[in-house]
Amino acid sequence: MDKLVIADKEFNSRLLVGTGKFASCEIMAEALEKSGAEIVTVALRRVDIENKNDDMLRAIDVKKYLLLPNTSGARDGEEAVRLSKLARATTGINWVKLEVTPDPYYLLPDPVETLKAAEILVKDGFVVLPYINADPVLAKKLEDAGAVTVMPLASPIGSKQGIRARAALEIIIEQANVPVVVDAGLGLPSHAADAMEMGADAVLVNTAIATAAEPSLMATAFKLAVEAGRTAYKAGAAAASKRAIASSPLTGFLRDIQKEE
Amino acid sequence: MEVLKINGVEKQFAAEQLPSTVAELLEQLDIKAATVAAEVDGQIIEHKNFTETKLRNGQSIELVRFVGGG
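Line by line, the protein sequences give chains A and B.
Just so you know, numbering that gives the first Met the number 0 puts 36 at position 37 of the first sequence, and the rest follows in order with no gaps.
Just so you know, numbering that gives the first Met the number 0 puts 23 at position 24 of the second sequence, and the rest follows in order with no gaps.
Heads up, a few of these hints could be off.
[Unchecked claim] Below are the DSS-like pairs computed for lysine-lysine, each with C-alpha atoms no more than 27 Å apart in a straight line:
(1) Lys10(B) x Lys241(A)
(2) Lys4(B) x Lys84(A)
(3) Lys84(A) x Lys53(B)
(4) Lys31(B) x Lys62(A)
(5) Lys84(A) x Lys10(B)
(6) Lys84(A) x Lys31(B)
(7) Lys4(B) x Lys31(B)
(8) Lys115(A) x Lys139(A)
(9) Lys20(A) x Lys31(B)
(10) Lys115(A) x Lys140(A)
Hints in this document: simulated from the structure, not taken from any laboratory.
Computed from a predicted structure; not experimentally measured.
Here chain A stands alone, though its shape is the one from the complex (with noise of 0.2 Å):
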């Protein structure tokens, strides 16, 4: 598969995935194993003083993979640039999945918020990751304010019902200039590729590996489904038709042959 570019870093995956959701840390590294995933998300919280040895770090290898830490839980973009510099301050990394969600119900993206803290945080040094509504002139926009690529969703957050913002979606992959990260809702492998073959990226899956019955095989699955989806769209595959065309040739069958008066 041809390599991803974000932010002249080369990735030979891509798929990334989030480390939301899993039953254990033992089960979120041998998903993120088998995902092949190069990029993997994480969210920042507070520090539970009463059970401190919650420390998730431990089961992901830093060596072996790019964190991207998210601003999720921001309801603002005050919020989000503060995350961002707590990340920051972390562990050093300056990449950051930007997000500000401040609709718990449907968990869309603020998309002027979003925007706000975006420019906020690329004067800051920040490499910046929004992720946003499939709105094109809002992608543009973030394009034009220095982010490095645009993230928007298939359809909201952990819902699991695949691309339903399509022609948006279209939209977006044909004019962009910097990498589309399909984000959020893809449930299936099948959306996985889908999205793929639509011409976006990467994708990023969570929650479709994290709450499947065997989350590793479901990663395996969508690393698959990734690979087979950008193989097709470097194929290029033929427009569909309403009607049937035969595959097989339509002479030479073994019928009587009518001579013409």
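Place chain B on chain A using the hints.
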């Protein structure tokens, strides 16, 4: 009695027992400094400054670390 607010919860210390620096607080709480970020009264403290950042009665401290997330 002296007080530090740690992650939104007030923690009381007997007089003279208040940890004098961020590093000392982490040690008292048995938290590995390398895995956390700290804010004191809204100011982020870099790891290299944990040992010299003094704490005073009444300050508010946030200690965060990475957890699983998407």
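Restraint check for Lys115(A) with Lys140(A), where alpha carbons must lie at most 27 Å apart: With a Cα-Cα distance of about 11 Å, the restraint between Lys115(A) and Lys140(A) holds, given a limit of 27 Å.
Given pair status - Lys139(A), Lys115(A), alpha carbons within 27 Å: Satisfied, since the Cα-Cα distance of roughly 14 Å is no more than 27 Å.
Hint consistency between Lys84(A) and Lys31(B) [alpha-carbon to alpha-carbon, up to 27 Å]: holds (19 Å)
Satisfaction of hint between Lys53(B) and Lys84(A), Cα-Cα up to 27 Å: Holds: Lys84(A) and Lys53(B) sit about 21 Å apart, inside 27 Å.
Pairwise hint evaluation, Lys31(B) against Lys20(A), where the allowed Cα distance is 27 Å at most: With a Cα-Cα distance of about 24 Å, the restraint between Lys20(A) and Lys31(B) holds, given a limit of 27 Å.
Straight-line alpha-carbon gap Lys4(B) to Lys31(B), limit 27 Å: Measuring from Cα to Cα gives roughly 19 Å; hence the hint holds.
Satisfaction of hint between Lys84(A) and Lys4(B), Cα-Cα up to 27 Å: holds (21 Å)
Given hint Lys10(B) paired with Lys84(A) - CA-CA distance at most 27 Å: holds (26 Å)
Lys31(B) paired with Lys62(A) [C-alpha distance capped at 27 Å]: This hinted pair holds, its Cα atoms lying about 19 Å apart.
Pair hint outcome, Lys10(B) versus Lys241(A) [Cα-Cα no greater than 27 Å]: violated (70 Å)
Violated hint for the displayed structure: number 1, the only one.
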